[in-house]
Amino acid sequence: MEAVLAAGIGGLAAAGVWLILRPRSFQVAIGLTLLGYAVNLFVFAMGRLRVGAPPVLASPEANDPTLYADPLPQALVLTALVISFALTALFLVVLLAARGIAGSDHVDGREPDR
Amino acid sequence: MSLPADHLIVAPVVLPLAVSGALLLLDERRHALKAGVSVATALALLAIAVWLLLAAAAAPGALAYRLGDWPAPYGIVLVVDRLSAGMLVLASVLGLCALVYALSRWNRAGPRFHALFLLLLMGVNGAFLTGDLFNLFVFFEVMLAASYGLVLHGSGAARIRAGLAYIAVNLVASLFFLIGVSLVYANTGTLSMADLARRLPLLGPAERSLFEVGAAFLGVTFLIKSSLWPLGFWLPPAYAAASAPAAAILSILSKVGVYVVVRLSLLLFGAESGASAGFGAQWLLAGGIATLAFGTFGLLAARDLARAAGFAVMISSGTVLAALGSGSAAAVSGALFYLAGSTLAAATLFLLAEILQRGRDPAASATEAVFDDEDLDPFEDDDTVVALDIPAIVALLGAAYLVCALMLAGLPPLAGFIGKLAILSGLAGAAAPAGPVAASSWLLVGALLLSGLGTLIPLLRFGIFNFWVPLEGPSPALRTAEAAALAGLVAGCLALSLWGGPALAYAEATARWLASPAGYVDAVLRETAR
Amino acid sequence: MRRLARLLPHPLLSFGLALMWLLLNAPVTPGTGLLALAVGLLVPLSLRALRPEPLRVRAPRALLVLAGRVAADVVQSNIAVGRVILGLRPGERRSGFVHVPLAITSRAGLTALAIILTSAPGTLWVQHDPRTGRLLLHVLDLDEADWPARIKARYEGLLLEIFP
Amino acid sequence: MSADLPVWAACLVVGLALAGAAVSFVGALGLVRLSHFYERVHAPSLCATLGLFLVVAASSLFFSVAEGRVVLRDGLIALFVIVTTPVTLLLLGRAAAYRDRAEGHPGAPPEP
Amino acid sequence: MTDELLVAAAVLPFAGALGAALLPRRARDAAAGLAGLSALVGLGCVLALIPAVASGRSAAVSFSWLPSLGLAVTLRIDGLAWLFSLLVLGIGALVALYARYYMAPGDSASRFFSLLLAFMGAMQGVVLAGDLIQLVVFWELTSLLSFLLVGYWSGKPQAREGARMALTVTAAGGLCLLAGMILIGRIVGSTDLATVLASGDRIRESPLYLPALVLVLAGALTKSAQVPFHFWLPRAMAAPTPVSAYLHSATLVKAGIFLMIRLYPVLAETDAWYILVGTAGVATMLFGAWCAVFQHDLKGLLAYSTISHLGLITLLLGLDSTLSVVAAIFHTVNHATFKASLFMAAGIIDHETGTRDLRRLSGLRRAMPVTATLAMVAAAAMAGVPLLNGFLSKEMFLAEAVAGTHDRALNAGLPLVAAVASALSVLYSLRFIRQTFFGPPALDLPRAPHEPPRWMRFPVEALVVACVAVGLAPGLIIGTALEIAVVAVFGERAPAYSLSLWHGFNLPLALSLAALVVGVGLYRLLGPRIDTNPRGGPWLLDRLDAARLFDRAMVGLERGARWLEDRLGAARLQDQLRILLLVALVLALTALLHGAGIAPATLRLPEAGLDPAFALLWLVGGASAVAAAAAAKYQRLAAIIFAGGAGLVSCITFAWLSAPDLAATQILIEVVTTVLLLLGLRWLPKRDRSIPIPASEKPRARRRRAADLALAVAFGACLAGLSYAVMARPAGEGIARFFVENVYSGGGGRNVVNVLLVDFRAFDTLGEITVLGIVGLTVLALLRRFRPAADSLDRPAPQRRLAAWERAQPDRNPGDSMADAMRVPATVMTWLFPVLVVLALHLFLRGHDLPGGGFAAGIALSIAFVLQYMAHGARWVDERLAIRPVTWIGCGLLVAAGVGAGSWLFGRPFLTTAFAYAEIPGLGKIPLASALLFDLGVVVLVVGATVLMLVALARQSLRRARAEAAGLPQREEA
Amino acid sequence: MSPLPLTSLILSWGLALAAVLLVLAMTLCAWRMLRGPRAQDRVLALDALYVNGLLLILVLGMRQGSGLAFEAALIIGLVGFTATVALAKFLMQGEVIR
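In order, the protein sequence lines correspond to chains A, B, C, D, E and F.
So the first sequence is numbered by this note's numbering: it starts at 185 and just counts up by one.
So the second sequence is numbered by this note's numbering: it starts at 254 and just counts up by one.
So the third sequence is numbered by this note's numbering: it starts at 6 and just counts up by one.
So the fourth sequence is numbered by this note's numbering: it starts at 107 and just counts up by one.
So the fifth sequence is numbered by this note's numbering: it starts at 238 and just counts up by one.
So the sixth sequence is numbered by this note's numbering: it starts at 91 and just counts up by one.
Everything labelled a hint here was simulated from the structure, so no lab data went into it.
For glycine and all other residues, C-beta sits at the position ideal for the given N, C-alpha and C.
Among these hints, one or two may not hold up.
To be verified - Partial list, computed: chain F residues near chain D (C-beta under 8 Å): (1) ALA108; (2) VAL133; (3) VAL141; (4) LEU148; (5) PHE160.
Stated by the list, open to error - Far from chain C, by Cβ distances over 10 Å, these chain E residues were calculated: (6) ALA289; (7) VAL298; (8) ALA509; (9) THR592; (10) ASN743; (11) ARG796; (12) LYS870; (13) ARG942; (14) ARG1037.
Said to hold, decoys possible - With beta-carbon atoms standing in for the labels, derived distance ranges: (15) GLU1043/E / ARG282/B: 40 to 46 Å; (16) GLU442/E / LEU696/B: 21 to 27 Å; (17) TYR871/E / ALA150/C: 41 to 47 Å; (18) ALA944/E / PRO755/B: 51 to 57 Å; (19) VAL303/B / ARG262/E: 34 to 40 Å; (20) ASP788/E / LEU703/B: 16 to 22 Å; (21) ALA1151/E / SER51/C: 28 to 34 Å; (22) ALA150/C / LEU847/E: 46 to 52 Å; (23) GLU1043/E / VAL80/C: 39 to 45 Å; (24) LEU696/B / GLY728/E: 35 to 41 Å; (25) GLY772/B / LEU251/A: 34 to 40 Å; (26) PRO755/B / ALA947/E: 53 to 59 Å.
Taking the hints into account, I'd like the entire structure generated from these sequences.
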């Protein structure tokens, strides 16, 4: 599991990095989304992987930490998810505005001089 | 936690949050009310910050505030010590002045300016106060999100173009932050900075390696924010394109990055932290010097004042980071003092740049706002223009400019010089001539002096162009709010210069406090009954 | 009565939502029951702003018959389509478009028919012109049945009964 | 929890789940094997109807037996998917029709 | 008493400056009076300090300044300082008087005199500084004020340029000086002047001596306009003449000299000193004199002669004998008197005739006989004519030149050099007098010349009288003062010297006379040819215009900086991001290698083994991601779809690996993001694969793509490796344990993640929703001003095609087809609204104990809203659902913050939650947690912000309709 | 460990097989999604991917004996179609919301 997830994180990250290095702002937006997935999974993975141990107490008394996956990274990922969603949205709107005003969807707001 | 006054520690975060929430409920058109409320809030923030500063200066250690009443390494803790209190005051002064400046017209250049502005202050304050690594991330994001709004405030092609790059770079930085935080957590099992400092010496070699990778990612993040070369190329265009009050308040933003680097590197990688001691110091030193050099080149090459101010911000960050990297406690104290002065001055320069640009080149679209057709034309109400004759306005602006230039170039007799001098004498070990001085320190000394000159030359050019070359056409109009904001910032610079002794003493006490992280750790982790 | 209508504009919906609540929060306790009641009463009010045509179901018996018929057809067509996919169906197969003249005009009826036809594998509701009442249907296997007749026979009558 | 299941229930659950999965697999296979869009559009319905029913039944049975009470909430999923999937397919079919007509595609549907 | 006097002498000018600044703009008399008075009173104070400084004594008074740096403000007066102070204040008083008449009524007198006084104060500060750093402070202050004074007539380009150059050069020197002083401070351990002066040997023996010396000299030589830093001085002549008379003869330029004398006891008497100072002196002396000969501008001539004389003094200091230092001090005073008077005279001539061009001036002797006489006497002193003060010090110089105390290479040629310089100085002095005052009266002068006002001439008279008096009776007039200064410098080593007029006929006298004769002869020979010098510059040196070089250097600096900024920086976003990633990678690897590293043996093998389904799942996820990366350029819609696939896979991963909350939230966000991206896609241009890349670009593009690919793969591998390295190691004992153990007892919930979010770490959540709110507001602001690009303004192609088809049909109205198409879906979507509301409510209420929570509920609710928009269009929904997202955001913030602040009422810290299980009869236990209220704030805010973002974007499509309704022709806009 | 190893065996193997089948189905959907050829094929495949993902989550829930993943499945069922509807609408109209 670990190796698969690690490879998946790597793949997502590589795709994201490739995209954020592209010249079109839409590519960058998609790249940030993918990179966001990768990083969220990465943060999640930092709590180590557990199968079948969601950090929800089965009963009030069953509060042995070893029974449950580490809840903290999950909480962090939740916060990060929301934030990266918000910022992706913002980036998208800014890229639209830039495209509207500058007339180009190049990330620099103008076509590069050839 | 018994005294009600203790709750003031959280006020720098909660007050702007609540007020901005309330402001959002108000109708967009009630400008006067909103302006009044925001200024009152900014004033209150300043008062609170000063109170905290006094409290921190009086306290033997740090004041910790346990949010949610959870014990320390588990819950989030806000920490007021000399460093964070000082930064709070600085941010509040800048915030107040930038806000007042914005009242002249910028607050009407886009919707919900006041709320965004206060939320930016909230983010900045939170970042200064928090003692938790992930909470720091959150406040970074609050601050950055608001700064995105403010960079784009007023719209316009240049602003949006620069904003896109600014946002892209900072989004990547945020992702690095997450990677770093999670690596730190994965290998130490904690997020509390104080707890981290306690656990760090106990780490095994493999954990330590991975932790250091996390620290490297975190470092890259903060250095991006503090615009260290080669990570800071985004800063000058973004700040130059932002509206003047936004740029002024943004100049504290890059200092948040600097603050965190100072805080964490001294807390975690101080002399007592075992195998990781001094982690990254050479990088900081080298990067700081490179930033100084690059900022100076940029300043020399700058074609307009706002951009020059952007590079001045870079130089100021570079100076502080390099001083930190040099490892000299005396230089750190000088750097902290310098940080305050140079930030104030850079902010003033942003404001001045806009006023002067307006006078010089009324058609300049790059820094102009795009005002709404649905809004009243904010340029119409001329009754707020300062009732001074033109030479007096020019003299006033000239004096403000002179103060800025002297502060930034580090020329006597103002605080810029005092700060630089403190760094230099710290580096040269003038106070304790016993040990040898590293070659890199001499390099930094040289870089600092040359960058002073490199700052002076272009600022001289801009000053002469703006104040001495006779104007054709109407001269700059100065509105009351703008004059007040400028006066406030200049007064800040001058006060820092006049009371250089006490301020420097405070900085020195801060550096001493930072040099022994045990105090911080104790203050945060001290057990309290829940 | 009128007041009841205002209080409970969509009784069927209210019932459905309350049931949904109970299902979601099983096992049923007095607390969840109370909440389900509140949900059933209050949430449909949120629809008021959207002002949809009220849904009136006339013939509950027909509804049951329809449900049974649909279930059977769905299973049957699942098998049929599965055979097609797996290549188990002998002989030549033609797929294509069919026009079906519909008599249903009510929104709800059309919607129900659309859902039935589309969710059953093998038929896809492509286009319906309310002026002419003609429905364009795509069918995976044209030879399986006389589709227009089958639709009219199996569903349309019942639907007209339920949603007049 | 899974250990509390009697054998018959386990067999039934596994059977249902496997059957559902198999039907879904066939549906997905159709997505690959069928030759053009209007044919392929029928394939996912397998997953969304019979495949779904079977798996939901398996799940309901599993939890009902495991928790010793009737658990029907999985039925809600089936209900919602039944209602919502057609919306997508409907729109998709219509979109495909417009696009094909506009491009003069040979397989384009006739005007109604 | 001494202390008070000392402080008064230092502070009075500044006080005066402040006073003058407060005067009305045009109050010439008052300002000048104030200036004169301050200077005179200060002078009185200094004179009264004689007892304190006589016979080598010194006095000091200290104030705390920067104790942490070991710095205090120390005023220290000894003989040297006393002498210079007299010069500064005395000439200052005279200049104030002169300036009263010189300045035009239209000039801002308050500004001028306040700057002048401030400068005087700064000079006093330099002279009286008892601490090296403090000296630098005042030193830079003099540079700064000289900048403001030179640029006083800022309307003139020459004034601006001159001021800028002066400040650039002298401030640069000042920075070097600062560095030097810091070095000295490091060597000595203190920057206190008295301490430093007492540690000469220690300094000279230190390895840092040479750098310190070079740096200090760099300061002194720039200030004193020594070659090659001399060029600023002639340019500074654009200053008002009183400024030149004061700064460029007596004070500012003498600061460098003062500094060298001041530090003579600690820095001098080494080879390095001899070579550096001596060489600079010789070069400057000759160069200045030679250039002075060729000036046509009166003030230019005086400026170059000043340079020459400063060079002479420097040379004297460089000669390294105590006697020569005496001569230097003496000449400093003498030069100040005659040069100040000459400048004033030149100012009078300029003032009265309107020109300073030697070629135009002529025969002024008749129009202004008194001024002419005064100027002639002063010029004669400059030329070194006997019976005047200039002669005396020059004689001392020649004596030193001939004596050649040390066996040094320079000494051999020194007599010759001295003679040449003297001859040249005769030449230019003669030229000055001859061309200005003699010859036929000039006819084409801008103004008719006449004598200046009585009191304008007075300062000149006073100074000329001083010249003559010193020349006639040196011992009487200046002997004591000189003695005091010399003793202050050398203490017991003070040499014996005689200030008498007549030393007998010796070699120096012969040289002096020879110089006079040669000078006169040269003038006869060259005078006319100089006047008609075609190129204007000095012969031999006219190509070497240092000022032009400086200008070019400034331009070059700017250009070079731009070039460097270009090379060292990255203006383009892509490059910046590349650098960012690269730096992060490099630092991460360095950090990994820095420590002990990770031994492969410490990685445990995964326990769970490999689940083929999971691997296959990630095959799908990875393929989707890669495909999204490949498709994002030309097939944007496909890229969105693929990204959706990747998102779904991560959602399932979360569900698989025990994170149900994450799975739910991820899928919700996934959906909203997809809708958002699609909303945005409408405004982006069609990408066409057929746009060709120029063939010349192809290899470069390919290289870049290869590099990017490598970077991407490296970064991916880095993250993969890191995550594997962490996952394959057991977790240490962290803080997580606490949360599980206390979640129920302390947080009142069972879902640890949710309790973390709303209780343990609720502060994070508060910040997180704030981010969301801020982004909403920013989106609102941006979209309010949104201007779609021209090519996306029109309706999308499918709609246009459909509209065209509809127009062709007889029975159809525009929009019918679309309405038909949406009929069935819209019905379903409408009726789903309450269902989604229930879902949101469910997620919200159960969050504390089971997966769900405020955020998921909020997103679900906003999806319910968005579905309505999709079903019915923006206008339809806007008419029915009055959503005020900004208000929702505000409420959300207020509720969340209010709930947090509520704990203050109970004396608990912010965000302390309270929970209880209320026993309600018949219903059983109902958990009541304040965290639920907090979560309510979250819901409200999330709905507000999400709906705001989506709807604001969606409403853009209405722009066109709105514009049409307003009657704007669409095509024109497009 | 468990009193009825047979049950565990049946359940674990059977459900694992079901999961593999479902993931295989997802792979096929993904193949169609990536392959296209036209946008409507991709959207269709994404929709199928969602449904199969939902089924997978249900099966996983059974495998792990935990009903906690139900919410995720419910949300996919109720809300997931929004994404595909938006995509389809975009294909049809060129914009999602008019």
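Against the structure, the hints come out as follows:
no.: 1; hint: ALA108; result: holds, 4 Å
no.: 2; hint: VAL133; result: holds, 6 Å
no.: 3; hint: VAL141; result: holds, 5 Å
no.: 4; hint: LEU148; result: holds, 5 Å
no.: 5; hint: PHE160; result: holds, 7 Å
no.: 6; hint: ALA289; result: holds, 93 Å
no.: 7; hint: VAL298; result: holds, 83 Å
no.: 8; hint: ALA509; result: holds, 90 Å
no.: 9; hint: THR592; result: holds, 88 Å
no.: 10; hint: ASN743; result: holds, 115 Å
no.: 11; hint: ARG796; result: holds, 66 Å
no.: 12; hint: LYS870; result: holds, 32 Å
no.: 13; hint: ARG942; result: holds, 40 Å
no.: 14; hint: ARG1037; result: holds, 19 Å
no.: 15; hint: GLU1043/E / ARG282/B: 40 to 46 Å; result: holds, 42 Å
no.: 16; hint: GLU442/E / LEU696/B: 21 to 27 Å; result: holds, 25 Å
no.: 17; hint: TYR871/E / ALA150/C: 41 to 47 Å; result: holds, 43 Å
no.: 18; hint: ALA944/E / PRO755/B: 51 to 57 Å; result: holds, 54 Å
no.: 19; hint: VAL303/B / ARG262/E: 34 to 40 Å; result: holds, 38 Å
no.: 20; hint: ASP788/E / LEU703/B: 16 to 22 Å; result: holds, 20 Å
no.: 21; hint: ALA1151/E / SER51/C: 28 to 34 Å; result: holds, 31 Å
no.: 22; hint: ALA150/C / LEU847/E: 46 to 52 Å; result: holds, 47 Å
no.: 23; hint: GLU1043/E / VAL80/C: 39 to 45 Å; result: holds, 41 Å
no.: 24; hint: LEU696/B / GLY728/E: 35 to 41 Å; result: holds, 39 Å
no.: 25; hint: GLY772/B / LEU251/A: 34 to 40 Å; result: holds, 39 Å
no.: 26; hint: PRO755/B / ALA947/E: 53 to 59 Å; result: holds, 55 Å
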